[in-house]
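S.K.: If you want the building blocks of each chain, they are given just below.
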Amino acid sequence: MSPLAARIMDTLRERPRHFAEIAELHLDVPWREFLKAWGEVRDSPRIGRQEYGLYVVKDP
Amino acid sequence: MSAGKPGFRDVLRALADAGEVLRVPKPVDPRHVSGLTAQSKQATLFESIVGYPDWRLAGALLSTRRRLAVAMGCSERDIATRFEEGARHPIDARLVADAPCQEVVAEGDQVDLTSIPIPLMHVKDGGPYISATLVVSKDAQYGRNVGSYRLMYRTPRETGIDLVSPSDMRRYYQRALDQGRSLEIAVAVGVHPFEMLAASYKAPIDVDEFAIAGGLHGKPVELVRCRTVDLEVPADAEFVLEGELLPIGWTVDEGPFGEFSHITGEIKWNPVFRVKCITRRRDPIFYMLQMPWENDWLAAPVTEAAGLQALRVASVEPVAIRAPVGACGYWTLIASIRKRPGEGKNALLALLSVAEVKLAIVTDDDIDIYNPDDLDWALTFRVQADHDVLVISGARGKHIDPSVKAWAAGKGGLPTTAKLGIDATIPEGVPRAQYERLRYFAKDAVRLEDYL
Numbered sequence: 001m002s003p004l005a006a007r008i009m010d011t012l013r014e015r016p017r018h019f020a021e022i023a024e025l026h027l028d029v030p031w032r033e034f035l036k037a038w039g040e041v042r043d044s045p046r047i048g049r050q051e052y053g054l055y056v057v058k059d060p
Numbered sequence: 001m002s003a004g005k006p007g008f009r010d011v012l013r014a015l016a017d018a019g020e021v022l023r024v025p026k027p028v029d030p031r032h033v034s035g036l037t038a039q040s041k042q043a044t045l046f047e048s049i050v051g052y053p054d055w056r057l058a059g060a061l062l063s064t065r066r067r068l069a070v071a072m073g074c075s076e077r078d079i080a081t082r083f084e085e086g087a088r089h090p091i092d093a094r095l096v097a098d099a100p101c102q103e104v105v106a107e108g109d110q111v112d113l114t115s116i117p118i119p120l121m122h123v124k125d126g127g128p129y130i131s132a133t134l135v136v137s138k139d140a141q142y143g144r145n146v147g148s149y150r151l152m153y154r155t156p157r158e159t160g161i162d163l164v165s166p167s168d169m170r171r172y173y174q175r176a177l178d179q180g181r182s183l184e185i186a187v188a189v190g191v192h193p194f195e196m197l198a199a200s201y202k203a204p205i206d207v208d209e210f211a212i213a214g215g216l217h218g219k220p221v222e223l224v225r226c227r228t229v230d231l232e233v234p235a236d237a238e239f240v241l242e243g244e245l246l247p248i249g250w251t252v253d254e255g256p257f258g259e260f261s262h263i264t265g266e267i268k269w270n271p272v273f274r275v276k277c278i279t280r281r282r283d284p285i286f287y288m289l290q291m292p293w294e295n296d297w298l299a300a301p302v303t304e305a306a307g308l309q310a311l312r313v314a315s316v317e318p319v320a321i322r323a324p325v326g327a328c329g330y331w332t333l334i335a336s337i338r339k340r341p342g343e344g345k346n347a348l349l350a351l352l353s354v355a356e357v358k359l360a361i362v363t364d365d366d367i368d369i370y371n372p373d374d375l376d377w378a379l380t381f382r383v384q385a386d387h388d389v390l391v392i393s394g395a396r397g398k399h400i401d402p403s404v405k406a407w408a409a410g411k412g413g414l415p416t417t418a419k420l421g422i423d424a425t426i427p428e429g430v431p432r433a434q435y436e437r438l439r440y441f442a443k444d445a446v447r448l449e450d451y452l
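First to last, the protein sequences are chains Z and U. For what it's worth, the numbering used here labels the leading residue of the first sequence as 1, then goes sequentially. For what it's worth, the numbering used here labels the leading residue of the second sequence as 1, then goes sequentially.
Isolated chain U, as found in the complex (with noise of 0.2 Å):
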């Protein structure tokens, strides 16, 4: 580790140390890196990749909730309040002169993205994938932002960018296209597991997202100035992509591509990146966010730490949440709340305002969510139907959901959705004593062993 915050390798070496990485020695193609890793019940390491020398390629890293926890050095059950102590508390990022990064430069007609293992991930892609991104822009009112959007391969020098779904940089986009310009973008890989969760969490717009990735680690994110564009990157990157989205609008063919939804989307209408320059260490490892288990651990502590946070906005008080694989991490949240009358029904309409979740259950406290049985036990007696379920239509919706039927918004359209909220609490004017779970007389007073 270096005297600064951890970086990706660290994060390797951490999941190495814990027994949740697969070296593999023998030299794979890039068309195989992702069927392999598709095979392994740990994250990978391919050392040797075939055409590229240089090149190593890590996949899965945050396939499970354990690795999660093991990359945020926390236990699985603390993901949530981990990520949003650290958002709570940003900390602004801090520029360095010379950066692992920028150690390799290619500009101008040395760029050729061909130089890179592009990985061919899933059987209907519309290409191969740069899947674990952060992307950086800039606007002259808002200031910078960090997201993250996959660029499909097209040519040595152009990707295409997912640029659909709502976001700052899309708005961003949108404010460059309105004034007959380009947008310039860079895009790092291979980052700290702090930055990719900072770069999916919905920040207000004027928040930087280098500082909520500094909160997470206690210490500044270091960045470097590009070489082309003018942005700032962070300089333990294993590569850079730096360039422009043509001001084209959404009029270019990009995806499919296997979603986190686990199924394949649909094909997109997009902008088109060009890239200026690449950037990259000496020995670059790249990284492969493998679909969608690793997107969807990724999403869940931001779905998670959005929901705490409007529980508290509401005055509610949240004692665990959750946001379930099953949905994604992403369209589902389950909580349990220490409630007071009427607090159900706000929970409800908290949890139901965090981004595109569709989904929201409230339990009280007494109930363990991540025991499925309690759970169904708590829906099935806590529950009428004609007074403890919301139904709210036409909130915003995600296209790859194919029940918003997004095909209907046209190229560049937005879709809408239905929304369900279920009041697992216990009902006002149903005593508590109602609900005490049946004890065994004698249970603490004998022992089975003793009549075996």
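Chain Z with its partners taken away, still in its complex shape (with noise of 0.2 Å):
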């Protein structure tokens, strides 16, 4: 996993969060860089939504 998608997926472990969230944070990236680390970040098997679709990491 890329050191950006990593940092992506601390943020969820410190909260559920909604797409906008986790992309405000990260607006110094250039889009199609986060969008690639998004890609990295749902890939993961510890990805999941929670009810109005916030984002979340699982517990192993």
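No wet-lab data here; the hints were simulated from the structure. All values derive from a computational prediction rather than experimental measurement. Hints may contain errors.
[What the hints assert, rightly or not] Mimicking BS3-like on lysine-lysine, the simulated pairs with C-alpha atoms at most 30 Å apart in a straight line are:
| # | chain 1 | residue 1 | chain 2 | residue 2 |
| --- | --- | --- | --- | --- |
| 1 | U | Lys-26 | U | Lys-202 |
| 2 | U | Lys-219 | U | Lys-202 |
| 3 | Z | Lys-58 | U | Lys-124 |
| 4 | U | Lys-276 | U | Lys-202 |
| 5 | U | Lys-138 | U | Lys-124 |
| 6 | U | Lys-405 | U | Lys-124 |
| 7 | U | Lys-124 | U | Lys-276 |
| 8 | U | Lys-41 | U | Lys-124 |
| 9 | U | Lys-219 | U | Lys-138 |
| 10 | Z | Lys-36 | U | Lys-345 |
| 11 | U | Lys-276 | Z | Lys-36 |
| 12 | U | Lys-276 | U | Lys-138 |
| 13 | U | Lys-202 | U | Lys-345 |
| 14 | Z | Lys-58 | U | Lys-26 |
| 15 | Z | Lys-36 | U | Lys-202 |
Combine both chains into one complex, guided by the hints.
M.R.: Written out as structure tokens, the structure reads:
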């Protein structure tokens, strides 16, 4: 996993978040770079969804 | 304009000529295009996208009835009849060998959805969305189908796709799923609104939506064969995604998304679209369908035309019809008719048969259904609730209406809805003379300005 994808995972470990919240935390990152990292996050089996669409890191 | 039918860029030009496009020259991040478009009274054309030097981005092209009328080349009140007339005279599409949408091709390892400036639109969306899609699929028995389904970015090669609502492509996918195979699809973005309208039209399953679009244009839609799937797409599209819906059923999270109902929808369970090939113009324009108004105005003529058709099938003579934008151009139909005894009810039954229309109001032809005061007057003085109101339970509903409690239907399940019809025509047995509007004595004989 890239350092940026790992950072995104860390923000989700803090608490469940909407996608836009995560994107807002990384506005300094070029959109394309962010989307590639987001793709890595989405590929992780640890990523889940809560009610209302919040992303969450599931317990191992 | 090319020698063939007009395309997406011709519509942009027509809207610009009508003063309906705001050109934005400064570089804009894809995360900000939707928020900026929401502040504009005109459609937007972003001429420089940060990180995407080959691309421009256009949004909200059809967010008002006036813009839709400009795009369709007719007056605002003629939209429904213009659509219905074109749809009644389909013209078969024709194949061409060369296509602007295939000037640049990325296959195999080159496929990367992050090369497209997919915008972040709403604060509770599950990801960036491609909202202005024309999705083509094929079934061995029923043939080609064209619809519109939103795509949520997941990874550089995968998107989610909202395939929950009943549709022909949902049926095609279910049939493929039953055989344990994927369903090939191709997604064209940046096409003429006639193609988008035809895709939204609930045509019989064996009717080719591209032929309906041809009828709307009065010329055939030119199609080109895809590079990696056995499908055809409009040659003049801005870009195309080719690939397959994986045979996994409704199992993967998709959404929420800012829906055309003006509210954020639920998280849904849907299939995944795996992209095998991306083709595009050298200088593509990403078309962002700005929710909700643009979707609503695209829905309205389709709903109105379906209402006109239903009335004619029921042998009722329509005078005017309106799918109000407050009901998203989708859930309500108001029609005035030239009524014979009993036809107020016949008209209601016909209108309530249209898709997920859940409120229908029918008036006589002396009522201007575009005037809310006139409509209220008819509802007040021509309706007796115990005779003129019709309620139907358990009809097909749509997920994004919270009142149908779609969550109770479970993953991939379909909700039902109740439907309400109001017959606001003059009741049988009440003389028309009872409704003669008051007139002022000597109004035509005297002039106010003569006394000022």
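S.K.: Among the hints numbered above, which are violated by the structure, and what are their numbers in rising order?
M.R.: 1, 5, 10, 14 and 15
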